[in-house]
Amino acid sequence: MVKLKNYNVVIKHFVLLLTFTAVISCAEKKYGVTKIEGREIGITDKNSEVPAIENFIKPYRDKIDADLNKVLANVPETIDKNGAWQTPMGNFLSDITFEKANKVFQMREKKSIDICMLNHGGIRSIIPKGDVTARTAYEVMPFENSAVVIGLKAEQILEMVSYIISEKKPHPLKGLTFTIDKNNSPKNILVNGKGLDENTIYYVATSDYLSNGGDNMLFFKKGVEQYDLNYKLRNIIIDYFKENKTIVANKDIRITKE
Numbered sequence: 006m007v008k009l010k011n012y013n014v015v016i017k018h019f020v021l022l023l024t025f026t027a028v029i030s031c032a033e034k035k036y037g038v039t040k041i042e043g044r045e046i047g048i049t050d051k052n053s054e055v056p057a058i059e060n061f062i063k064p065y066r067d068k069i070d071a072d073l074n075k076v077l078a079n080v081p082e083t084i085d086k087n088g089a090w091q092t093p094m095g096n097f098l099s100d101i102t103f104e105k106a107n108k109v110f111q112m113r114e115k116k117s118i119d120i121c122m123l124n125h126g127g128i129r130s131i132i133p134k135g136d137v138t139a140r141t142a143y144e145v146m147p148f149e150n151s152a153v154v155i156g157l158k159a160e161q162i163l164e165m166v167s168y169i170i171s172e173k174k175p176h177p178l179k180g181l182t183f184t185i186d187k188n189n190s191p192k193n194i195l196v197n198g199k200g201l202d203e204n205t206i207y208y209v210a211t212s213d214y215l216s217n218g219g220d221n222m223l224f225f226k227k228g229v230e231q232y233d234l235n236y237k238l239r240n241i242i243i244d245y246f247k248e249n250k251t252i253v254a255n256k257d258i259r260i261t262k263e
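Sequential numbering of the sequence shown, starting at 6, is according to the numbering used here.
Since the hints were derived computationally from the structure, they do not count as laboratory data.
Computed from a predicted model, the values in this text were never measured in an experiment.
Any given hint might turn out to be false.
[Stated by the list, open to error] 30 Å max Cα-Cα, derived DSS-like pairs, lysine-lysine:
#, residue 1, residue 2
1, K158, K187
2, K134, K227
3, K86, K192
4, K226, K116
5, K134, K173
6, K134, K192
7, K158, K227
8, K199, K173
9, K192, K158
10, K68, K237
11, K226, K86
12, K247, K158
13, K250, K226
14, K63, K226
15, K86, K199
16, K237, K192
17, K75, K63
18, K40, K116
19, K227, K199
20, K199, K115
21, K247, K75
22, K250, K75
[Unchecked claim] Just the calculated beta-carbon pair ranges, DEER-fashion:
#, residue 1, residue 2, range
23, K86, L223, 19 to 27 Å
24, D244, N217, 20 to 28 Å
25, L223, S190, 31 to 39 Å
26, K40, P133, 49 to 57 Å
27, K68, E248, 52 to 60 Å
Note that CB positions come from ideal geometry on N, CA and C, so glycine has one too.
Taking the hints into account, I'd like the entire structure generated from these sequences.
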């Protein structure tokens, strides 16, 4: 009888051990990275991997090149960046940004853009005489900047004018005109031919970079309204090329100096 009891105890312990083992084995296992191995494959090396990589990339490269090299329009005269207070390229970019962004803004917000201001440093290339392609747009505007509309009061428009005068750079400008007098002060400040109104909110199209105070354009950060159009400046150029077979820059004077 004693031996039987001892046998039962052994059985119970064995069952408990199996149960505990089963629970442990079913528990969630946590894994961690203990070692990472890798090696550099030079794409110019003459080894077995390079042809395989090249063959894999080639169809994508060919498709991208075909899209970028497709002729979209023609420029009868080179659009350059030469000028003291305005340039053909600056006029062109501010004009088309004003036009294309305004259509989106009117459709979405039922409001109209009054001014467009971009930065001279953001223009990275001229548009040479001849055929233009999407690649041309990438060369002019290689950044991923998008069009933004900022609502500014008359006070900030005056700050914008002062900024332009102090910078002495031909920043692309549309909708705003003024004269710099002999004392280097502005006069005859007009927005679309009308004097500034303290009770008006002026809607200014610019880039998301500048809207955040880029290039020290801090007046944009004082805006009372802001609208992101989700429209890249580069795409504005490409769309304009597609819709206008002959590309010409306006050369009208927007800033004069006595």
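Hint check results:
no. : hint                     : verdict
1   : K158 to K187             : holds (27 Å)
2   : K134 to K227             : violated (40 Å)
3   : K86 to K192              : holds (26 Å)
4   : K226 to K116             : holds (21 Å)
5   : K134 to K173             : holds (28 Å)
6   : K134 to K192             : violated (36 Å)
7   : K158 to K227             : holds (9 Å)
8   : K199 to K173             : holds (24 Å)
9   : K192 to K158             : holds (18 Å)
10  : K68 to K237              : holds (22 Å)
11  : K226 to K86              : holds (28 Å)
12  : K247 to K158             : violated (35 Å)
13  : K250 to K226             : violated (37 Å)
14  : K63 to K226              : violated (45 Å)
15  : K86 to K199              : holds (28 Å)
16  : K237 to K192             : violated (34 Å)
17  : K75 to K63               : holds (18 Å)
18  : K40 to K116              : violated (58 Å)
19  : K227 to K199             : holds (23 Å)
20  : K199 to K115             : holds (21 Å)
21  : K247 to K75              : holds (10 Å)
22  : K250 to K75              : holds (13 Å)
23  : K86 to L223: 19 to 27 Å  : holds (25 Å)
24  : D244 to N217: 20 to 28 Å : holds (25 Å)
25  : L223 to S190: 31 to 39 Å : violated (20 Å)
26  : K40 to P133: 49 to 57 Å  : holds (54 Å)
27  : K68 to E248: 52 to 60 Å  : violated (23 Å)
Violated hints, in rising order: 2, 6, 12, 13, 14, 16, 18, 25 and 27; the structure is consistent with all others.
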